[in-house]
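Enquirer: Here is what each chain is made of, one letter per residue.
Number of protein chains: 2
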Amino acid sequence: MVSQDKTAQVNFESLLRIFTVPEGPESTLTQIEESLSGNLNQFLKEHIVAEEKPLREIEKDFRQSILPETPTFVSDHTQHLLDTLVSHSVHTSSPSFIGHMTSALPYYLMPLSKIMIALNQNLVKIETSKAFTPLERQVLGMLHNLIYAQDDAFYSRWMHSAQHSLGAFCSGGTIANITALWVARNNAFPADGEFRGIEQQGIFKALKHYDYEGVAIVVSERGHYSLKKAADVLGIGRESLVPVKTDDHNKVCLADLEAKLGELEENKIKTIAVVGIAGTTETGNIDPLAEIAAICQKHQCHFHVDAAWGGATLMSNKHRDLLAGIELADSVTIDAHKQLYIPMGAGMVLFKDPHSMASIEHHAAYILRKGSKDLGSHALEGSRSGMAMLLYSSMHIISRPGYELLINASLDKARYFADLISQQSDFELVTEPELCLLTYRYIPPHVKAALHKATGKKKHKLNELINGLTQFIQKHQRENGLSFVSRTTLTPKKWDKMTTIVFRVVLANPLTTKEILHNILNEQREIAKAAPSLTKQINTIVDAIESGL
Amino acid sequence: MVSQDKTAQVNFESLLRIFTVPEGPESTLTQIEESLSGNLNQFLKEHIVAEEKPLREIEKDFRQSILPETPTFVSDHTQHLLDTLVSHSVHTSSPSFIGHMTSALPYYLMPLSKIMIALNQNLVKIETSKAFTPLERQVLGMLHNLIYAQDDAFYSRWMHSAQHSLGAFCSGGTIANITALWVARNNAFPADGEFRGIEQQGIFKALKHYDYEGVAIVVSERGHYSLKKAADVLGIGRESLVPVKTDDHNKVCLADLEAKLGELEENKIKTIAVVGIAGTTETGNIDPLAEIAAICQKHQCHFHVDAAWGGATLMSNKHRDLLAGIELADSVTIDAHKQLYIPMGAGMVLFKDPHSMASIEHHAAYILRKGSKDLGSHALEGSRSGMAMLLYSSMHIISRPGYELLINASLDKARYFADLISQQSDFELVTEPELCLLTYRYIPPHVKAALHKATGKKKHKLNELINGLTQFIQKHQRENGLSFVSRTTLTPKKWDKMTTIVFRVVLANPLTTKEILHNILNEQREIAKAAPSLTKQINTIVDAIESGL
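Order-wise, the sequence lines are chains A and B. The numbering of the first sequence is my numbering, which starts it at 99 and goes up by one. The numbering of the second sequence is my numbering, which starts it at 99 and goes up by one.
Calculated from the structure, these hints are not laboratory results. All clues stand as given, with none of them false.
No distinction is drawn between identical chains; accordingly, a pair holds when it is met within one copy or between any pair of copies.
Under the rule of at most 35 Å between Cα atoms (straight-line distance), these lysine-lysine pairs were calculated in the DSBU-like manner: (1) K450 with K158; (2) K471 with K158; (3) K416 with K158; (4) K555 with K573; (5) K634 with K471; (6) K471 with K591.
From just these sequences and the hints, can you work out the full model?
Expert: Okay, structure coming up:
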């Protein structure tokens, strides 16, 4: 509680005070806020990845399971948060933290977030959100326009229409993907004769009525794990997510897609959606969207594009062609908390047809009455915050050309880093960057030569040891706390589809410099030297291979 | 963009500046933040519900569908937000805004939210959240303890266990309810012989394997609309949400529940869950949880309690008995953004058994690796913010006894308001408050007498006109902007189950005074006088009834 007294006390008067707006700049809270801002700025400026302390140690500060029976002063608690939480959190905005889809954020979002938190609107209904509702509808309209570029008349007619929705603002890409596939599933089994629609009667009766043996969602083997989750939640089962082969560039193989769709039809399995990926999570590649669209049209099925990460590229007039064909999709997922530089919790799904979401429309007597413009009637979530406001602000403050500069710079940087890696004799670029994501590994020239030469068990054993080394480097780099790359597992064709652990970097942070990229390679090289046991094992096998033993 | 120049320009250097931590207290951003705080404080202090402007007018400010092609200065944009958004948003924290489950928030949440936004952790995985992960696990543990009160050994063993989860932090109660029912559905159809489990093979094959004709979720007719949405999403269909009758106190009728379960079994329909409600959204009543638990045990089915709103009552040692039996539930939904006074976006679902969530566990190679403590492997959502931090802070700053005072005060206030309404000859209390929610309507004594006396068509006509008057009053009170009550539709037994529109109030805001409650009744009385046409129609019918015509 806020108080000048020495010990915090529980009484109703002091409780009322914490709900009351603090007076002027001398108030305790204002002072706490100022000192907190200073501390956070310090943390954000230090450009160092979080202090390394084993999770087990950190957990000791969070082991109490009983709710506190005595109150704490805000000032004391703030200090406690700085000591136990802030100092052991991850500096996701650090320019050398390039392992995940995080970045530094525009700093104006800090004061503007205050509006969102202070007003605490609930977007589920107009009565608790008022102007935030048209604002969110406009944000969805602008994104719709960026993807589908319909004319003015289209947006005048649909953007603010009570019975329609151009999409939904969600807490993230997973909910966005689930929403898209929920809509696709429901539209695939509409009411018909005595059947009242899958939304009313469920999958079991839907399949019986339409005489199908099963339901499928078809996606490249590089699809995000949220799609598997969607298949589970939606009641069709994870095995009904049918994987399609990918080519050497991690793009969906169209012939296999056609074959799979035909096979499913033959087996009386209804494909509710084909999902194209615009920016795979692990390699950053984009499926041939226009070609998939044509196949979907031929097979009369919903075409969803998961552009959670890559969708921001549409802001770049220079590079948006990479996503050509996205305008043919029935629905698209885009995350604003990825390369649109908005804080965590801002996903979106857009639908080409304003009528698409009718099949998931819900109403209730005390809210979401029919005819109201309540956003809650077309969403998976219920109560929601005014997060759309932050995207609205960035759209205006940065503007489309500003976003274009950021996107272009990130692609240039990825190209630069790919070239830099290729120039090193002891590193290997595993996947080329199509957007700003690439993968690579550390492999000294003599090891690489041996791996090429080797066959059978030795080849696999050597590959396994190199994987161990990659893992070792990644882990120790993280622990050193200077920089962070993530890792994942691929099966590159050039290495006979052997399981290959790689470093994965995403160059979305505008503050990441070329110098940082050089340093990251140097650091990895140094760490490799500090793995004598692994190195020895590798060299032993390399020798054996070279000597033909 | 932040700049001293006259026009905002798009160039990469100025873009980089917006990603950089502002220097010291003289920086433009710091100044904007200060003036913004002042403006927001003014807005929050004025204690007046949002300025009334027709939605159609507000929409004019949000009709552009093309992304801005020129950037705007942060200062200009902030002013634009204040003019077009803040001034037309809803003052949900106003003490006279008592229509929905909103309230004033503790003011310390403003500075503390900064930590959440600035650190921008992603709770899906440890690599981007570190200390936030044990913190969230602890928050879930404390809530689990509040509900289930297991011993220390239990929490030491499970709270931070990588393979287990005591629940999930969600964006809201809807996602929490969906998660609970997803788990219940999956656990109801486990792998068995050749069948690999519903999560793998879906509902259609599950029902075939187990030889069922359908799936049901059973809940009182007062269940929240999110349950219908859950039934739809989960693929069992909205019609599979089987409603059970309620008694005169809006509580589930146990005999009917038993009968429904028996009927479903006879029809070879598998009940995956019975949902008990701890605080119905429209009347605030609590189902007899212990009795429902016994019935669930007998029928061997999952017992879920939707305590999204009422769960906070567990903080009160004085009143927690109202929820007796909740500790027997297999899962419980609680929203922290309702009466735990946290900003929008903080729902939770807790599971009694730490193994329950295994049936929805998901993994992926680049994150959520097996054995990691990543929270993302047991959640419907993927990327998520560090919202749990704000609840953690309130648990410490307010503490359990502080929450108890707040809860107790809100129940006392509801009792006071109910008595006040009952004392008025021209108001009628329609539902008694069990928690801090009640419903009532305006009905002058001569109208009430006539309604009692009337029969047939005249009774219904009169009731319809009274409904029109209630609607009129609610609408005009909202438009006057001094206070806000919501409205809903009930079918009270005392009025022969005729459709009855009522005012609905939730007295959660600690700053709502008795004076405000008096004023609200007075204002409603005054508004009623300003409805001469409706009043005339009502009086005409009343006269006809009285004269026996």
